[in-house]
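Protein sequences, first through last, are from chains A and B.
Using this note's numbering, the letters of the first sequence correspond one by one to residues 1 to 423.
Using this note's numbering, the letters of the second sequence correspond one by one to residues 1001 to 1168.
Derived by calculation from the structure, the hints in this document are not laboratory data.
Treat the numbers as computed from the prediction; the structure is a model and nothing was measured.
Please note that the accuracy of each hint is not assured.
What the hints assert, rightly or not - Using C-beta positions, here's what the derived DEER-type ranges look like:
#1 A:Val204 / B:Leu1027: 16 to 26 Å
#2 A:Pro407 / B:Leu1030: 22 to 32 Å
#3 A:Ser245 / B:His1101: 58 to 68 Å
Stated by the list, open to error - Only pairs whose alpha carbons sit at most 30 Å apart, straight line, appear in this in silico BS3-like list of lysine-lysine:
#4 A:Lys64 / B:Lys1151
#5 B:Lys1056 / A:Lys64
#6 B:Lys1014 / A:Lys403
#7 A:Lys68 / B:Lys1151
#8 A:Lys316 / B:Lys1056
Glycine included, C-beta positions come from ideal geometry on N, C-alpha and C.
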Amino acid sequence: MTIVFDTLAKIGFFFALIMGLVVVLIWMERKGAAFIQDRTGPNRASIAGVRLAGLVHPVADVFKLLFKEDVTPANRHQALYNLAPWLVMTVALSTYAVIPFGDFITVAGRRVPLVVADLNVGLLYVLAIASLATYGVVMAGWASNNKFTFLGGIRATSQMISYEISMGLALMGLVLVFSSLRLTDIVAGQGDLIWGFVPKWGVVVQPLGFILFIVAVFAETNRNPFDLPEGESEIVAGFHLEYSSMKFALFFMAEYAHMVVGASLITTFYFGGYQIPWLPREMIEANAGLILTLKLVGVAIASLLIAMLFFRRVQKEKGKFGDARDREPVLGAGLWVLVAAAALVGLVFKPWAIGPVGAEMVASLFQIMAFVAKVVFFAWLFIWVRWTLPRFRYDQLMRLGWKVWLPLGLANLVVTAVVMAIV
Amino acid sequence: MSFEGLPKGSGDTKRSFLESLYLPEVLRGLAVTARHLVHNILHTDEMPTMQYPEEKRVYGERFRGRHRLMKREDGTPRCVACQMCSTYCPADCIEIVGAEHQDPKIEKYPLTFDIDLLRCVYCGLCEEACPCDAIRLDTGIYEIAADSREKFIVGKDFLLNNETDGTL
Chain A
1 MTIVFDTLAK
11 IGFFFALIMG
21 LVVVLIWMER
31 KGAAFIQDRT
41 GPNRASIAGV
51 RLAGLVHPVA
61 DVFKLLFKED
71 VTPANRHQAL
81 YNLAPWLVMT
91 VALSTYAVIP
101 FGDFITVAGR
111 RVPLVVADLN
121 VGLLYVLAIA
131 SLATYGVVMA
141 GWASNNKFTF
151 LGGIRATSQM
161 ISYEISMGLA
171 LMGLVLVFSS
181 LRLTDIVAGQ
191 GDLIWGFVPK
201 WGVVVQPLGF
211 ILFIVAVFAE
221 TNRNPFDLPE
231 GESEIVAGFH
241 LEYSSMKFAL
251 FFMAEYAHMV
261 VGASLITTFY
271 FGGYQIPWLP
281 REMIEANAGL
291 ILTLKLVGVA
301 IASLLIAMLF
311 FRRVQKEKGK
321 FGDARDREPV
331 LGAGLWVLVA
341 AAALVGLVFK
351 PWAIGPVGAE
361 MVASLFQIMA
371 FVAKVVFFAW
381 LFIWVRWTLP
391 RFRYDQLMRL
401 GWKVWLPLGL
411 ANLVVTAVVM
421 AIV
Chain B
1001 MSFEGLPKGS
1011 GDTKRSFLES
1021 LYLPEVLRGL
1031 AVTARHLVHN
1041 ILHTDEMPTM
1051 QYPEEKRVYG
1061 ERFRGRHRLM
1071 KREDGTPRCV
1081 ACQMCSTYCP
1091 ADCIEIVGAE
1101 HQDPKIEKYP
1111 LTFDIDLLRC
1121 VYCGLCEEAC
1131 PCDAIRLDTG
1141 IYEIAADSRE
1151 KFIVGKDFLL
1161 NNETDGTL
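With the rest of the complex left out, here is chain A (with noise of 0.2 Å):
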């Protein structure tokens, strides 16, 4: 019973963890697009005057969307039409079931794996899922009975077939590396140190293996350079052009959520998942006081810093607009000296003397912390190529996929494999 519970409680902190990253990672697509391109970007949705720098669109886009028109094709594949959104969504979720957010967290006397399942085919299991998620894109360009969806379905498909080669081939090679195919060992077995001092994260020991899988992971969730099922120059919006309302929301979240597994895998095959380099689990245990003290004091001046950038717009601008706009700054300006004030009054607690059972705990949430701060940076990552780069076309995405990354898929697993057996 206490397994279900568990497995429960996981699934919760991965479906809030991927919701709440996906509403901030529309947030940060519009506004980092908006100030990659000198403009301020969304800031006009508020919450009585308070506007949040744009943090309420996706708020405002949600309620929007529930109370549109669904607005259908009329000779559309009804049962297909209905089930493709749901099934992109489902597998986006599905794929979380067993990346580790985590070593382990003591609850109440019990150690609880921080995965959902820990599955000694774990890396098959990611492989497999993610294809998957092509034939909902598939099935909603057919089932919209539109040439401009047809073509967008198809594209996805050859898409994926050209990449999950390669993504297959670079995860091989880090499958030699660690000898495992279940995912918590890989991450596990990148916490240890090369010659002492380099972390042995897949990125230091396949380099290679990295940069023909990140290229595959962005050609999978269909992010641009790679956006060509949607690709709105050629194809209108491609596989999802017929959807509206709720059913478009549901694809749009999909995206990003497909974005935040992304990331997910990058973190976790590349770039260590949980571990904190130079800092395994032991050592955060040991120094868990000090450790939490300076995280707090460092909190507090980070904080502090911001604040003051706030600070000089608050004197720069002082009743520039005439309205409610003037508070903004001295709004922003409050709320980090209270993120501030909240993290020194934590060190009242004396942090630095902390217990045993609590120094676990630090170890833990630190543990999460670093994934998901890993996690982060990779989405952003997504984002900012997306405004960085143009759109392949579509022959150059083929023989890209073909013609060069599998044979460098090839090379490196060869590679990998002579290294491996002469070490």
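Assemble chain B onto chain A, guided by the hints.
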């Protein structure tokens, strides 16, 4: 390792070896966008974006906005319904029905003077054609909004008292 299999792109551009690898160029591109991002986060006030409904762009005096009809000293329209503007109008958006004026010194006056603001291209040829300076486009109003097409056809009374904002 041979990299000859790398995509040639459009084919007519020569790339150096490093460029043909893509990755260094991708990183260079990422550096450019990151520079813009960081600069804009730290200097939000230098952003060229105009916060439109609150801040409005200032146009020159000769900007052609919504039309207005000029009045005589006694408040009646200056227009003599000569049809010059509606004849000259390239968009054919002015419709005038003239009637005989009571004052013998003035030949005619406009019974109706309708302008379809949706058809108008704001070229200003009507004010140039007008022999008695009765129509001008100098209100400076450029935000013209209504919720039906019919409301965009504005009549004489509206054009004579043209001091409202953009709402029709």
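Can the restraint linking B:Lys1056 and A:Lys64 be considered satisfied, given a maximum Cα separation of 30 Å? Measuring from Cα to Cα gives roughly 28 Å; hence the hint holds.
Between the beta carbons of A:Pro407 and B:Leu1030, is the distance compatible with 22 to 32 Å? Because 26 Å falls inside the window, the suggested range holds.
Assess, step by step, whether the Cα of B:Lys1014 is no farther than 30 Å from the Cα of A:Lys403, and give holds or violated. 20 Å, holds
Take a quick look at whether A:Lys64 and B:Lys1151 sit within 30 Å of each other, Cα to Cα. The given pair, whose Cα atoms are some 28 Å apart, holds under the 30 Å limit.
CB-CB spacing for B:Leu1027 and A:Val204 relative to the 16 to 26 Å hint: For B:Leu1027 against A:Val204, whose Cβ atoms are near 18 Å apart, the range 16 to 26 Å holds.
Compare the distance between the alpha carbons of A:Lys316 and B:Lys1056 with 30 Å, and conclude whether the hinted pair is satisfied. 21 Å, holds
Could you grab the alpha-carbon distance between A:Lys68 and B:Lys1151 and see if it respects the 30 Å cut-off? 27 Å, holds
Beta-carbon spacing of A:Ser245 to B:His1101 - inside the hinted bounds 58 to 68 Å or not: 60 Å, holds
Violated hints are absent here; each numbered hint is respected by the structure.
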